[in-house]
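So the chains spell out like this:
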Amino acid sequence: MASIIRPSLLRPATAFPRFSTGLFQNTTRVAAFHATSRRAILPPLPQKIEGGINEPVRVPPPSPVHGHYHWTMERLVALSLVPLTVTPFAAGSLNPVMDAVLCSLIVIHSHMGFQNVIIDYLPKWRMSGINKAAMWALNAATALVAVGLYEFETTDVGVTEAIARLWHA
Amino acid sequence: MSAQRVGITALRRVTATPSAFFTQNLAKSIVASSISTSQSRAIATERLTPDDAHTILSQQRLKRPVSPHLDIYDKKQTYFTASIWQRFTGLGFSGLLYGYSIAYLVAPLTGLHLESASLVAAFGALPVAVKGGLKFLVAWPFVFHAINGVRHAAYDMAWGFKKTTILRSGWYIWGASVVGALACLML
Numbered sequence: 001m002a003s004i005i006r007p008s009l010l011r012p013a014t015a016f017p018r019f020s021t022g023l024f025q026n027t028t029r030v031a032a033f034h035a036t037s038r039r040a041i042l043p044p045l046p047q048k049i050e051g052g053i054n055e056p057v058r059v060p061p062p063s064p065v066h067g068h069y070h071w072t073m074e075r076l077v078a079l080s081l082v083p084l085t086v087t088p089f090a091a092g093s094l095n096p097v098m099d100a101v102l103c104s105l106i107v108i109h110s111h112m113g114f115q116n117v118i119i120d121y122l123p124k125w126r127m128s129g130i131n132k133a134a135m136w137a138l139n140a141a142t143a144l145v146a147v148g149l150y151e152f153e154t155t156d157v158g159v160t161e162a163i164a165r166l167w168h169a
Numbered sequence: 001m002s003a004q005r006v007g008i009t010a011l012r013r014v015t016a017t018p019s020a021f022f023t024q025n026l027a028k029s030i031v032a033s034s035i036s037t038s039q040s041r042a043i044a045t046e047r048l049t050p051d052d053a054h055t056i057l058s059q060q061r062l063k064r065p066v067s068p069h070l071d072i073y074d075k076k077q078t079y080f081t082a083s084i085w086q087r088f089t090g091l092g093f094s095g096l097l098y099g100y101s102i103a104y105l106v107a108p109l110t111g112l113h114l115e116s117a118s119l120v121a122a123f124g125a126l127p128v129a130v131k132g133g134l135k136f137l138v139a140w141p142f143v144f145h146a147i148n149g150v151r152h153a154a155y156d157m158a159w160g161f162k163k164t165t166i167l168r169s170g171w172y173i174w175g176a177s178v179v180g181a182l183a184c185l186m187l
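So the protein sequences, as listed, match chains A and B. Note that the numbering used here numbers the first sequence so that position 115 is 115, with each residue one more than the last. Note that the numbering used here numbers the second sequence so that position 97 is 97, with each residue one more than the last.
In isolation and in its complexed conformation, chain A is listed as follows:
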């Protein structure tokens, strides 16, 4: 195959020393004919290989708190939100306890959802510092949200009633 039509991915990275460093390190150049580079969303960062090549991926020690307890709780919270969101509007009544439970579960559900996004896209094994910063920023934001929702619940009309009033405005 002539080198001009060979996919650039097959070429050794050292063939383009200008691109193999810095900003363009992870840029995929589609073909030699394309004048512009294609930049992937969230390109993978360089990976560290620990130990030898043939060693398997390190599996973290099993922990039920980070494993099936966490998983089961996540599902229970998510599923219990379905009746909790429908009931207040269907019953048409305002119950402060139910509103508080709903708000707490929504905050937990959102917090776990954001955690999952951080775990997926800013993985600890690849960018431990950014992962830690994002997790702590999330913790701070969730604490602020919890205080803000408490303020809203105690000084305003409550989430359910506020949504109902907005909907019929």
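It should be emphasised that the hints constitute simulated quantities derived from the structure, not laboratory data. It should be emphasised that the depicted structure is a prediction, and the values quoted were computed from it without experimental measurement. Think of the CB as a built atom: it goes at the ideal place given N, C-alpha and C, for glycine as much as any other residue. The hints are all genuine.
Which residues of chain A face chain B? A few of them, derived with a C-beta cut under 10 Å, are: (1) 75; (2) 79; (3) 86; (4) 110; (5) 116; (6) 120; (7) 142; (8) 145; (9) 146; (10) 147; (11) 148; (12) 152.
Model the placement of chain B on the given structure of chain A, informed by the hints.
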């Protein structure tokens, strides 16, 4: 099959099934029986040091995609029924909740009026079409997230996990969420 190999096969067939015509050609048969039928080809090998192998592996691993990938979905297959939409809708609502709650908390500092009474007054002053559009923009992702969340719970019990079922239930959920969101506008 190479030309050489075709010739060998033909010659072997001759020796296996002798006929009056071909067996006269005894010399050829003898030659054919002595030809090796195993193929040989030149192989170029390259000696790799562990460092070289390590470098090659590192280069390969650089090309790995991030998982779950954002633009790897085949739009003709399960993109519009994919679980990534559960994440998009959930992120939208959670972002709204976080943004509003924190803004409400710091409203005394910023001087913004975010209490429910002023929000209701502001929303009520909008034209009907804008109100309906905004309500649909909120209602559709909410209904979608709720129904699709139940489907994901079913997936966790390993129900409905055939590919055809996934595709069909995905389209049902799109239809049901649009209908449900329109019903929410009637409330």
